[in-house]
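Taking the hints into account, I'd like the entire structure generated from these sequences.
As numbered in our numbering, residues 16 to 91 make up the sequence shown, in order.
Treat the hints as calculated values from the structure; they're not laboratory data. Treat the numbers as computed from the prediction; the structure is a model and nothing was measured. Every residue, glycine too, gets a C-beta built ideally from N, C-alpha and C. This list has only true hints and no planted wrong ones.
Here are the simulated distance ranges between beta carbons: (1) Gly20 x Glu89: 31 to 41 angstroms; (2) His85 x Leu28: 15 to 25 angstroms; (3) Gly19 x Glu89: 25 to 35 angstroms; (4) Asp46 x Arg69: 13 to 23 angstroms; (5) Gly19 x Leu76: 12 to 22 angstroms; (6) Arg23 x Gly66: 17 to 27 angstroms; (7) Val47 x Ala68: 15 to 25 angstroms.
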Amino acid sequence: MFLGGDDRSHAWLTLEGEDWEPFRSHPCNLDVATGEPELLYVTSLFERSAGLARYRVILLLDDACVRSTHFPREEW
Numbered sequence: 016m017f018l019g020g021d022d023r024s025h026a027w028l029t030l031e032g033e034d035w036e037p038f039r040s041h042p043c044n045l046d047v048a049t050g051e052p053e054l055l056y057v058t059s060l061f062e063r064s065a066g067l068a069r070y071r072v073i074l075l076l077d078d079a080c081v082r083s084t085h086f087p088r089e090e091w
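Following this line, the structure appears as structure tokens:
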């Protein structure tokens, strides 16, 4: 587990080695705790990660796909 953050927010990055989706194709899980509006905060993280063009990123909220860099969310 990796932990990071600042005085407003914290994030935990863990390896989720499960044999079922989404963990099979997305083995890292990022959980956040923030005092900011959560959707705006995680959308910003998604955009910064996707902008690096180094990762396949999926944004899930309550087990629903909100955004993905590599497949249509309707297929979730």
